[in-house]
Amino acid sequence: MEPVDRLVLEPEEQEWLDLARVWIKGHFASDPEDAYSSVDGKLAVVRANLAQGWVGPDDTWKLQSLGIAMGDALAQDLMLDWVTIDDEFGRQPALHWPGTSIVCFPLTMIAQRIEEGEHVDIDTMYETTRVQLNEIAFSGDVE
Numbered sequence: 063m064e065p066v067d068r069l070v071l072e073p074e075e076q077e078w079l080d081l082a083r084v085w086i087k088g089h090f091a092s093d094p095e096d097a098y099s100s101v102d103g104k105l106a107v108v109r110a111n112l113a114q115g116w117v118g119p120d121d122t123w124k125l126q127s128l129g130i131a132m133g134d135a136l137a138q139d140l141m142l143d144w145v146t147i148d149d150e151f152g153r154q155p156a157l158h159w160p161g162t163s164i165v166c167f168p169l170t171m172i173a174q175r176i177e178e179g180e181h182v183d184i185d186t187m188y189e190t191t192r193v194q195l196n197e198i199a200f201s202g203d204v205e
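Numbering follows my numbering, with no gaps: position 140 of the sequence shown is 202.
The hints are simulated quantities; they were obtained by calculation from the structure and are not laboratory data.
Computed from a predicted structure; not experimentally measured.
One or more hints might be untrue.
In the EDC-like style, the derived pairs of lysine to aspartate or glutamate whose C-alpha atoms are separated by at most 20 Å in a straight line are [as the list claims (entries may be wrong)]: (1) Lys87 x Glu178; (2) Lys87 x Glu150; (3) Lys87 x Glu77; (4) Lys124 x Asp149; (5) Lys124 x Glu177; (6) Lys87 x Asp139; (7) Lys124 x Glu197; (8) Lys124 x Asp203; (9) Lys124 x Glu74; (10) Lys87 x Asp102; (11) Lys87 x Glu180; (12) Lys124 x Glu205; (13) Lys124 x Asp80; (14) Lys87 x Glu75.
Derived CB-CB ranges, DEER-like [said to hold, decoys possible]: (15) Gly202 x Ala91: 41 to 51 Å; (16) Val84 x Glu205: 33 to 43 Å; (17) Gln76 x Arg175: 24 to 34 Å; (18) Phe90 x Glu205: 17 to 27 Å; (19) Asp148 x Ala91: 31 to 41 Å; (20) Glu178 x Asp143: 21 to 31 Å; (21) Val70 x Gln114: 11 to 21 Å; (22) Gln114 x Val84: 13 to 23 Å.
A virtual CB, placed ideally from N, CA and C, is assigned to each residue, including glycine.
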């Protein structure tokens, strides 16, 4: 993995995020840019997709797109940056807490659980992740 001070979002991963956002924003009846601009708007579209069963365990790309929406909400809430991580598990977009070594992989957080047949409560998942990232960042134990 690259040193954290040199992490950037590569063009290929930027394109992936942009395509996912187009699909996500397509769920809004009117003014998708405005609707997606708030943390609540981002979480609402994820919540609706999960509650209505519009995505299933075989819809990996769509599930990862929901993870991107949750990641966008976390990025907005905690001032995180999207970066590309290339490690032993492959290459994918991740969230990075600037100035630290903290990275988070929201793309797979929803997908893995749905694919394993688990129920996902997006509000609980979001809040738990947000609290844990804050605790790690301010624990004094992170680079």
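Now the hints, each set against the structure:
A hinted pair counts as satisfied when its Cα atoms are at most 20 Å apart, and Lys87 with Glu178 does not qualify at roughly 26 Å. Distance hint between Lys87 and Glu150 is unfulfilled; the C-alpha atoms sit about 32 Å from each other, more than 20 Å. For the hint linking Lys87 to Glu77, the alpha-carbon distance of about 15 Å falls within 20 Å, and the restraint holds. For a cut-off of 20 Å, the pair hint linking Lys124 to Asp149 is broken: about 23 Å separates their Cα positions.
Proposed proximity of Lys124 and Glu177 is supported: the alpha carbons are some 12 Å apart, at most 20 Å. In summary, the hint linking Lys87 to Asp139 is supported, as the alpha carbons are separated by about 19 Å, within the 20 Å threshold. Between Lys124 and Glu197 the CA atoms are separated by roughly 30 Å; this puts the pair beyond 20 Å, and the hint is violated. Of the supplied pair hints, the one linking Lys124 and Asp203 is violated, its CA atoms being roughly 35 Å apart against a limit of 20 Å.
Of the supplied pair hints, the one linking Lys124 and Glu74 holds, its CA atoms being roughly 18 Å apart against a limit of 20 Å. A hinted pair counts as satisfied when its Cα atoms are at most 20 Å apart, and Lys87 with Asp102 qualifies at roughly 13 Å. The suggested pairing of Lys87 with Glu180 is violated, with an alpha-carbon distance near 25 Å, which exceeds 20 Å. Among the hinted pairs, Lys124 with Glu205 is inconsistent with the structure: their alpha-carbon atoms are about 34 Å apart, more than 20 Å.
Restraint check for Lys124 and Asp80: the C-alpha separation of about 13 Å stays at or below 20 Å, so the hint holds. Of the supplied pair hints, the one linking Lys87 and Glu75 holds, its CA atoms being roughly 18 Å apart against a limit of 20 Å. For the pair Gly202 and Ala91, the beta carbons lie near 46 Å from each other, so the given range of 41 to 51 Å is met. At roughly 36 Å, the beta-carbon separation of Val84 and Glu205 lies within the given 33 to 43 Å, and the hint holds.
Hint check: Gln76 to Arg175, Cβ distance near 26 Å, so the stated range 24 to 34 Å holds. Taking 17 to 27 Å as the suggested C-beta distance range, the pair Phe90 and Glu205 does not conform, at roughly 39 Å. Checked against the hint of 31 to 41 Å, the pair Asp148 and Ala91 passes, with Cβ atoms roughly 38 Å apart. The hinted window of 21 to 31 Å between Glu178 and Asp143 holds, with their beta carbons roughly 29 Å apart.
At about 36 Å, the CB distance of Val70 to Gln114 disagrees with the hint of 11 to 21 Å. Range check, Gln114 to Val84: Cβ separation about 20 Å, and the 13 to 23 Å hint holds.
Of the numbered hints stated above, those contradicted by the structure are hints 1, 2, 4, 7, 8, 11, 12, 18 and 21, listed in ascending order.
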